[in-house]
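Novice: Now for the letters of each chain:
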Amino acid sequence: MKKIKFLTLALIISTLFIGCSKDDDQQPQPVNEEEVITTLTVTLVPEGGGATVILQTRDLDGDGPNEPVITTGNLAAGVSYSGSIVLLNETVDPAEDITEEVEEENLEHQFFYTSGDDLDITTSNENLDTDGNKLGTEFTLVAGAVSSGTLTFTLRHEPTKPNTGIDDAGGESDVIATFNVAVQ
Amino acid sequence: MRNYVLLVLLFSSITSLSQNCDNSLSGKVTDIHDGQLLTGVTLIVAETDQAVQTNFDGTYSFSNLCNATYYIQVSHPYCLTKGFTVKVSGDTNKSFKLEHHIEELNQITIEGKAYSDNSKTLHENTINKEELERFSSGSIGDALKSLSGVSALNTGNTVVKPLINGLHSSRVVIINNGVRMEDQEWGAEHAPNIDINSVSNLSVIKGAGALQYSGDAVGGVIIAETLKVPVKDSLYGKSLMTTTTNGRGLSLSSQLTKSYENGWHATLQGTVKRFGDFEAPDYILSNTGVYERNISVKVGFNRFDYGIEGYYSRFKNELGILSASHLGGARDQVRALESNIPLIIKDFTYTIKAPRQDVTHHLATIKGFKRFESFGKLNFQYDFQRNNRLEYDIRRGDDKNKASSDLQLDTHTVLLDLESHLTDAIILKSGIITKYQNNFANPNTGVRRLIPDYDMYDLGLYFIVDYQLNDQLLLEAGGRYDYSYMDVFKFYKTSFWESRNYDQRFPEIVVEELSTQILTNPQLNFSNGSGTLGATYAFGEDYKLFFNYSIASRAPNPSELFSEGLHHSASRIELGDLSFKSEIAHKVALTFQRKNEAFSININPYINTISDFIVIEPTDVRWTLSGEFQVWEYRQTNAQLLGVDVDASYAFAENYRLKSQFSLVKGYDRTLNVPLIGMPPVNISNEIVYQNSEFNNIRLALQSAYHFKQNNYPNTNFEVFIPETEIRQELDVSSTPDAYHLLNFSSSIDINLNQKSKLTVGLWITNVLNTSYRNYLNRLRYYADDLGRNILLNLKINY
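Heads up: the protein sequence lines correspond to chains B and X, in order. My numbering numbers the first residue of the first sequence as 1343 and each following residue consecutively. My numbering numbers the first residue of the second sequence as 106 and each following residue consecutively.
In isolation and in its complexed conformation, chain B is listed as follows:
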């Protein structure tokens, strides 16, 4: 009986020690959000010279209550632009270039460009992944007749490749950025 009492006591005390031994770090560390994409910038450089068009959406608080800040631009009718997309994580300093990650994992990513019915533009000539399927961080955009509407850039993670477009691509949307654009 004495033995049992002693053993019990010893066990209880030892468990209390285990429990109380990790109180050293009082203040928690902030989390660096490594994956967040805060900023998407589409740069459209007219082939043969002219003003570069920048489309940008920037949401520094991510899923916080502030709305993204959107900068848009207008395209010149009949002009062909060479486009490129840059993704940034600006919650860390210096900002992290997420495009590099996307290009490293090019087999698992693809950009899609969707224009509203009224907007007369066409996209083509996307850059390719290592399997020869579309990746789309670089592309060619041709502005047609004078018109206006929305232009949406969607980055899909783990889409079905190859695909015929966004409708049968599947996957999960990592980025969706919509701009009101006019062709003048």
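Hint data in this document are derived by calculation from the structure and do not stem from the laboratory. Every residue, glycine too, gets a C-beta built ideally from N, C-alpha and C.
List of simulated lysine to any residue pairs, SDA-like, C-alpha gap at most 20 Å:
1. X:Lys764 with X:Ile803
2. X:Lys507 with B:His1499
3. X:Lys133 with X:Phe409
4. X:Lys451 with B:Asp1509
5. X:Lys598 with B:Glu1409
6. B:Lys1503 with X:Ile450
7. X:Lys337 with X:Ser862
8. X:Lys458 with B:Leu1449
9. X:Lys598 with B:Val1434
10. X:Lys234 with X:Leu868
Simulated restraints, written as ranges between beta carbons of each label pair:
11. B:Val1434 with X:Val616: 19 to 29 Å
12. X:Asp837 with B:Ser1490: 22 to 32 Å
13. X:Asn626 with B:Glu1447: 37 to 47 Å
14. X:Leu521 with B:Glu1447: 51 to 61 Å
15. B:Ser1426 with X:Asn506: 25 to 35 Å
With chain B's structure known, arrange chain X on it following the hints.
Specialist: Chain X in isolation, oriented as in the chain B frame:
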């Protein structure tokens, strides 16, 4: 103690008197556990070979005894024979206590909490060992939902969370082997961390009346108990193996117990389950595999008046979450809802990929009891739990194999309680509970903490009095007080902090301002009172009426207080509120019971009125770079739930029985006058069972379960911008699935291998007709059908 001294003095003063041999010795024999009078007990006086038996009222009487010391042997078929030394002087009265070993091995208890005294005025629903074994390859939630009034909140088929009378998560308290589970139960996609194969008795109390466990069980209490070990020399065990066609998997479980007559016992138990992708009738549910590994050890020493037990269990579960349910923003949701089949269907595999959960739960407990003649039975318990929860999302780059949520919850609890028989009719239970809890959220995940780091201290005090007024009427009253203090370190997004005006309301809690975040140190106190008042009235041969009123108070949980951001597994932004107060529930439950071999019925209507009920509901749509997300905000309101549960069992012919169940619950937000979200629809089930104990105990059963469509639900639809058409389209997330009907078949037969071993072979088919259906209470119902037909073969060997 003083009484002993007096007795000794008394006896010693009498022995010196002259020899006188016409004394009588009389008294009664009772069960040491519950004071029940034992009939048919044989008492033999060793010196004279006189033998008598106790009457129907448990009394005995010897005559013609001298003033001397006698050795008396007391025996009973279901008790361990005991010897007592009795000093007779004059007409002596002496009562004996025996430990009543009921025929079944598992009925002997080391502690007083045999399931019958959880609450005496609330009707309990129980699942026994045989029924539990039928769910051996499933989860504890699967077994619980076979009870009336209990449903399950599913995340796919692998995360099954019990829902009692419409309430779940923090409102349902789960007690495992006497320990309150602290396993991050607040999350709707967090299943209880208990191995169903370690449980030999599972009961549900649909109310807060069991105050010895908690005062905050607004929904109810689930009690899982392990196998009880007899005090005799024995070695026994069982092994169970189940293979299934759906999931193409195997579940193996074994248990071995060694016990000694001197009271020592040890039990070792383990389970391994491995399943691949499950299947709906028309397709594979990709990434829904499970890999579960559990072990438990129990060692104890058990005597009539004292005992001690140590128990350790480790539960580890890895499970996949349906690939097609992992979405970006609302536009992905539009695509998923427009498709009749999941957007991702791959070939069958056992591999579990992200999104997945990997949960480990350790539970260690030491408990002991000692009976004191003078003031009752004292129980002591210390337990330690560690819950480590890893959630993996589909991620990019270096984070690919890193968990996006890594939480460790440690809990220490010390519990002391006393059960005293104040008189033959009045039992008082009282106790004190202290608890310390620490939550640590690993910052290396690279994702902001969903649940912040905190320390929590709890103190609880309770008492429950039972008063057996007469043979018919029992009254019960109880009260409990809980105090809890939370010391939290929480990072808020500066934009959220300001949008909520927290910068003006709580400026004193700011510790440090970083570039985009603010570190705060909220310190919260909650004082909660709870109580119960009830009566049980027995009438006629078979009838009983239970009445119970209980008041329960629940402090808001960390998720309700501190959520502030994207909850990826729910594809929505969730926002809590720092200023929440405790919710208070008043529940009135009535049960009419007829218990009889031929025809039994329970009818259990109830009404639960909850003030400051914490609900989460959609309030807004927020734009992020991944598109729009629905914002769900917690708020406090007044709610009311009413319903009725009915169970009936009718033996309509020899060996045949019809079992029926019906559950209905309606929930309303009384402030806004709208239905509550996520209430179980009405369901009704009927089962015909044929069982013949003379023919190898063959059992055949066919069950029909009908689940109605839920017609009472709030409208939580919202609009989403579609780039192709440039219009805003309504996303219907609130409509409920159609009614469905399932047929289930089960059969089993016992084969005696030798004197000590028995083999039971079982064949079960669930969803016999391979019906395609979606269940309103499955959070993944938008993305895929529920499980198709499953054929299970089960082998059990008792040895």
